Structure formats: structure tokens, C-alpha cells
Amino acid sequence: NAGVMQNPRHLVRRRGQEARLRCSPMKGHSHVYWYRQLPEEGLKFMVYLQKENIIDESGMPKERFSAEFPKEGPSILRIQQVVRGDSAAYFCASSQVMGDEQYFGPGTRLTVT
Amino acid sequence: GENVEQHPSTLSVQEGDSAVIKCTYSDSASNYFPWYKQELGKGPQLIIDIRSNVGEKKDQRIAVTLNKTAKHFSLHITETQPEDSAVYFCAAWGGSQGNLIFGKGTKLSVKP
Chain A
1 NAGVMQNPRH LVRRRGQEAR LRCSPMKGHS HVYWYRQLPE EGLKFMVYLQ
51 KENIIDESGM PKERFSAEFP KEGPSILRIQ QVVRGDSAAY FCASSQVMGD
101 EQYFGPGTRL TVT
Chain B
1 GENVEQHPST LSVQEGDSAV IKCTYSDSAS NYFPWYKQEL GKGPQLIIDI
51 RSNVGEKKDQ RIAVTLNKTA KHFSLHITET QPEDSAVYFC AAWGGSQGNL
101 IFGKGTKLSV KP
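Chains as they are written, first to last, in the working numbering: chain A, 1 to 113; chain B, 1 to 112.
Pulled out of the complex, with its shape left as it was, chain B reads as follows (with noise of 0.2 Å):
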């Protein structure tokens, strides 16, 4: 079945400097990779995604990026804030189940 592995576990920058997590899967038949934000007591918040008929996608301040042949998408956060700082969690799709797979999170730090 799909992995999906998250790196790094934790993130610090200082505002205003850009941070990037990235994720690597495994099963070549997904095609749909959402990214979510979770901060503390509170449910995971959809905020991109990106589908494999797509190389990369922008919203504002964040972009995420998809290299299919390498199995491999990244989010990119620019001029970070502290309301930023929460726990970044990446996640794919088959397309064969119904079910996402999640990366182990990574626990942004944003310093004001």
C-alpha cells in the first residue's frame, strides 16, 4: 500500500524568512496530494492541494509543488508569520480507496 514519509519532523525560521517541508510517497498510481495545517486543540485544516495532472499550484503566501517521475511534493511557505507556527501535515491519495495517507507531521516554528 502507499507510505508517505514528511521531512524534517521540526522547522524553525525567523519571520519572514520562507520555510519548506517536503514528502516523498511511494504508490505511482496516486494522483491527488493535499496539505493540511493543524495547530494545537483544533482539527487538521485544509489549506492546498495539488493533483498530478499539475506540476505546481499557488495560493498567496504558500505554493506546493509535485515531481511525479521522483514520487516527491513539497509545500512552500513565503514571508512567514508567527500565526503560521503550527503542525504541517502532508497526505496523498491512490485513487483506488477512499482513504488519505498521512506524512508524520512537521512542527512549524515560526520566531518572531
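Okay, chain A solo, but in the shape it has when bound (with noise of 0.2 Å):
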């Protein structure tokens, strides 16, 4: 039973640049959560999806970045013109209902150069 899986696990990109990042939930789980983790802190919710809906991003800058869940394949975090304050471990949940077990990938752990 395969857990949460995200890629890539480590991403590097210049200042400008763009950045993806993508999560697949568990098997049977269809509400999927980002958090963002600042080293030596802890995790900040930024946006909670369901299949094709965004059902709150009130955690998400309103500009740069966007997040989505397709009908098929991951959900996205995009992160637009990146700046060094950009730099964090991205991390993404899932769970088969809201309120249930939320379950945590390995991350992304974005640098900006």
C-alpha cells in the first residue's frame, strides 16, 4: 500500500524561475493538503484540495502561487518567479475524508539560488 509520494525531493531554481511541485495522495484518498515547513519551525497549512476543487487556500500567498488537483494524475503546488524566501521544505497530506488521519509525503525541499 503505497503512502503518499511527491516529487521531486529536492529542487533547486534561480531567482525568476518557476517551480512545480507535485503529490499523489494515498490509494483511496481524495483530499489533499500542502503544508510549507521554514527550517527549524514548524508546518504552515497553505491549501486544501479535493479532486477538481480548491477548497481552501486561505494558507497560500495570493500572488506567485496557485495549487490544483486534476481529475487524473497529482495535485500541483506552483510556485511562479520564485524569490529566496521561497526556499522551504514543501510537504503535502492526504486523507480519505476531511477530519480523518491526515497522512504526510517525504517533501519537497526547494533552494533558490
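No wet-lab data here; the hints were simulated from the structure. Here the structure is a predicted model, which is why all the values come from computation and not from measurement. Even glycine gets a Cβ: it sits at the ideal position worked out from N, Cα and C. Be a bit skeptical, because a hint or two may be false.
As the list claims (entries may be wrong) - Partner residues are not named here, just some residues of chain B that face chain A (Cβ under 7 Å, in silico):
1. G43
2. L46
3. Q97
4. G98
5. F102
Quick one: dock chain against chain with the hints and give me the complex.
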């Protein structure tokens, strides 16, 4: 039973480039959550999606960040025109229903140079 | 909105001793409280959770207690082992939204 998959595990981008982070939820899970973790800090919620719908994006910056979870394929977190402050670990979690256990992937570590 | 405070930020114990990590939450509507263990370079791993209809839950060497009146919950690890060394996060879920609110983490070091 495969867990939550994320790729790439490490991503290096120059300032101004775009970063695309992918997340495949656990089998049978249709709820996906993205969190960001800065060094030595906890996890901060960014966005919550169900298939083809954004349920809550209150934690995501209004500019440069977007997320989707299409009917087919993984969820994508997209960061346009990256800046050094975007350097962080980005984690995806999934659950079967809202309020159920959330299981996390291994994360994508984004470094902006 | 919900706010979760976690203490201590670092904890060092001798192998075999017990470790206790405490969290408080602000929203009385919160009803689900998971604990995660995060090892260096890895994603958070769900180790135990508790819902507001119970006061205590155990799984081998780990247990979680919940005091709804005082709005705090604690993680107890008994007979600690070096492999318990990691950062532990508590979290709360309020029921009206999908996301978890996390504490800032406790770095546990178990000395052999």
C-alpha cells in the first residue's frame, strides 16, 4: 500500500524561475493538503484541495502561488517567479475524508539561489 | 482561529526514562489531536491521535492524554530508546476546516 508520493525530493531554482511540486495521495484518498516548513519551524497550512476543487486556500500567498488537483494525475503546487524566501520544505498530506487522519509525504525541499 | 502552543521546545532524557510533551489549544471546538514524529530529512509520521470523546489512548510505549476542560493534551513516551530521538509535533483540527494547526515542535534527544 503505497504512501503519499512527492516529487521531486529536491529542487533547485534560480530567482525568477518557476517551481512545480507534485503530490500523489495515498490510494483511496481524495483530499490533499499542502504545508510549508521553514527550517527549525512547524508546518504551516497552505491549501486544501479535493478532486478538481480548491476547498481552502487561506494559507497560500495570493500572488505567485497556485495549486490544482485535476481529475486525473497528481496535485500540483506551482510557484512562479521564485524568490529566496520561498526556500523551504513543502509537504503534501492526504486523507480519505475531511477530519480523518492525514498522512504526509516525504516532502520537496526547494532551494532558490 | 485556532492556536496551538507546544512545550518544551527541546527535551533531553536518558535512555529508559520517560518523556512528556505538552500542548495547549485555544479553540474549544477542536476535536481531533494527532501527534507526528519527524526525523531529519523526512516527512512527519503520524504516531498516535486522540479524538475529543476519549481522555486517553495508548499504543505500546506511547500514550496521549486529553483534558478538554483545560484545553490541553500531552504525549507520553515511556522506556525511551535512542531511536525515539526526533522532532515531535502536536496538532489540532477544529472541525470547520480541513487543515491541521501545528505546534512548533519539540526536539527530543534520547541519550544512550
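Evaluated hints:
no., hint, verdict
1, G43, "holds (4 Å)"
2, L46, "holds (6 Å)"
3, Q97, "holds (6 Å)"
4, G98, "holds (4 Å)"
5, F102, "holds (4 Å)"
Comparing the model with each earlier hint shows no violations; every hint is respected.
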